[in-house]
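Sequence lines, in order, name chains P and U.
Here the numbering used here is used: the first residue of the first sequence is 1, the next is one more, and so on.
Here the numbering used here is used: the first residue of the second sequence is 1, the next is one more, and so on.
A hint or two may mislead.
[Stated by the list, open to error] Heads up, simulated DSBU-like pairs for lysine-lysine below, C-alpha to C-alpha not over 30 Å straight-line:
1. U/K122 to P/K437
2. U/K122 to U/K435
3. P/K122 to U/K437
4. U/K429 to P/K87
5. P/K122 to U/K122
6. U/K87 to P/K429
7. U/K82 to U/K294
8. P/K293 to U/K429
[Unchecked claim] Sample of chain P residues lacking proximity to chain U, with all beta carbon distances greater than 12 Å (derived):
9. G71
10. K87
11. A99
12. G308
It is worth saying that the hints were derived from the structure and are not from the lab.
Since the structure is predicted, the reported quantities are computational estimates derived from the model, not experimental observations.
Glycine residues also receive a C-beta, built at the ideal position from the N, C-alpha and C atoms.
2 protein chains.
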Amino acid sequence: MVLATGDIVNIDIRAIAERSKQASHAVARLNEAQKNAALDAMADAIEKNSAAILRANADDLTTASTMLANGEITASTFERLKLAPSKLSEMAHSIRSVAALADPVGRILERTQLDDGLIIEKVSCSIGVLAVIFEARPDAVTQIAALAVKSGNAVIMKPGREVEGTATALVETLRCALRQCNIAEDAINLILGREAVQQLLSISDLVDLVIPRGSRQLVEHIQGNTRIPVLGHADGICHVYVDAAADPTMALAIIDDSKTDYPAVCNAAETALIHEGIAREFLPQLATRLEAKKVKLLGCEKTRAILGDVVESVANWHTEYGDLVLAIRVVRNMDEAIDHIHRYGSSHTETIVTNDVNAAARFLNEVDSAGVFHNCSTRFADGYRYGFGAEVGISTSKLHARGPVGLDGLTTYKYVLHGEGHVVGEYRKGARNFKHKRLS
Amino acid sequence: MVLATGDIVNIDIRAIAERSKQASHAVARLNEAQKNAALDAMADAIEKNSAAILRANADDLTTASTMLANGEITASTFERLKLAPSKLSEMAHSIRSVAALADPVGRILERTQLDDGLIIEKVSCSIGVLAVIFEARPDAVTQIAALAVKSGNAVIMKPGREVEGTATALVETLRCALRQCNIAEDAINLILGREAVQQLLSISDLVDLVIPRGSRQLVEHIQGNTRIPVLGHADGICHVYVDAAADPTMALAIIDDSKTDYPAVCNAAETALIHEGIAREFLPQLATRLEAKKVKLLGCEKTRAILGDVVESVANWHTEYGDLVLAIRVVRNMDEAIDHIHRYGSSHTETIVTNDVNAAARFLNEVDSAGVFHNCSTRFADGYRYGFGAEVGISTSKLHARGPVGLDGLTTYKYVLHGEGHVVGEYRKGARNFKHKRLS
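So that you can see chain P by itself, here it is in the shape it has in the complex (with noise of 0.2 Å):
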């Protein structure tokens, strides 16, 4: 069901989550070619209902033109709502590669034998109802719908005002794919507005997830006003840690990397901590290099001793630039760093720079993040680069799924015991005994 903004007064949330929910059991029980086959349709009523996509996404344009004049969004906000037909085949594209990736269901993640003809097996299966909440990207809408089939879950999805009219659209588009399928429509909804999901936080009975992408702010929001759990996203406060033993020329090609190739995203550097042991040698070196592409330096008192005043102090060691903006720490030792790291990063992914291999085990062992790196970019921290193929989002959260989540993390597990007749008194009266022989 697509909802118009006039509406959302007015339409019953908890009815659209029931009916998510049941199509949500639809779902689960299709097999692989099936699935592959409604992710064929999807992509294929993308390209061909682009037309009536494309006039939909003019008219967000129209809107966001003047909210763009008004200072109310940004000029990249406004530059990622544009659609185009080139856009409209890489979304396409995009469901055609989910559709190629391994089936996450029905996998047997472990297999005991508890006793004579008694097995038990863990097995993944999909959670349910997820409910999206998403920004004002109109290729997120066909990228969590892809993930969401894929993984036998039925979806409802939030998206940023902005792309209301653009999101309509497309979920439109892939409902009537569905229904060509033959495949419950409702495994894929849209609400709209602030009180839809309001209300939809409060179906805990019936929505078994909900992933907001966005700020930091959002997140908390959300995580302080449901009981449903949450895949979360907080900040991407990354660091480089550069060791004593490290080679000087690959760490300043990895700081470079993770602070330049991509500074709006969350797994860009924001931390530089370099050992007290190197710092006089390096640090010029590194505002050199960075300066030469516009890096701005700043640096705690120890760095701007070394490179001078012109180097502004930190103010605040949590802050994410997203930007050409790189603080640095010269630290006493690598317990420091780790200590810096806990304090005041954001777990979600760190790099440490050495030769020294023992120094990188302790690293890698002692740094509490999703991701912890040793010799290479905190740019890799993503589902693509991962192998994944896709991602729903990079999740801060420690429970259930950490860093990039791609299908596996939409699915859970559930516990198939087969057995032949087996009572448990039999055990507790120690007329039988258990075997626990672990087969795979």
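Please arrange chain U on chain P, whose structure you already have, making use of the hints.
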């Protein structure tokens, strides 16, 4: 740190959480031998300090006997409070058996070559700080503490009020054992009283997971009052579905065991769903079998038409009786049985009795519960019987850990990436390409 009840108003729960977080980093770093040595020391200490623990327990029992007389607690709660030297030996034995389990931390769950010299590993690791809120059982203290240490987590425990003195003596004993092993004693903390719990639930930046054990009301209250992820256990409304192709003798034995082996626990069955094709023959046999065991039968209209009006009707299919009471419903087919389970169940454990392998496969696939069983009793849903060695509880949450939660459920994972100076810019420019070769 152990807090006496009288201090509750003034103590700083945040300070305890901060010390727990510090300690969690220390226990996360321990290797398997160090953790096992700590567990052995904990077990020894319980035995050596038995006199003091039993004295504290005697004081709890004095208070509890007044509560029992006033009807504030039940006779079974009073019984569960009682310690004796033999019970302390059992608790020590149980701690040592956790030491014997495989280390859940540091296991390489997946390994993928992203490119030459660039290898990613998904590695199990501890979660951090656990908060466990539990009932008035002394052995829960040692069981939870042992599982926390073995999984490399710090734990803050909040026991039921009737067991506060005993829990305090036990925790002091366990902390003393940690000190002797040069392990941060703040890995095991105790807080007392409801107000302390309320404060703890607000500390989402330090506490990583809350595990409430107790009533559904408790679990829902906690889910509604914290941003910390909650691993909860709702009701145990388990079902036995007797298919048209069931062996009646097996079905009788499985319903009998599922209902009567231990009716008070969550994996006991509350409802039997009987296919109408066999109901007329099967129900009288079932009534004879269960009435001999003093089980009170409740039924739907069709059941009462067969068994007669001596069978009362069912007031609410959502009820967890936890007693020798069984609700019976005659269903037209498996779809109706599955629909009943999804509508009235608690997603805990359901079993199908049938000799039809296709029917079994469909039931196991379509029923959305933590445990789905074929031809065996619901009572097998238990960490010990599953071969986990020990469990911290049974989760009816779908996220993170589902079903009996053993050591694995107290871990999360991180992605460890080993490189040789790899940067993302080269892949973006097309100078290098990912290989994504799964190694294990």
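Quiz item: Taking each numbered hint in turn, which are not upheld by the structure, reported in ascending numerical order?
Solution: Hints that this structure does not satisfy do not exist here, as all of them hold.
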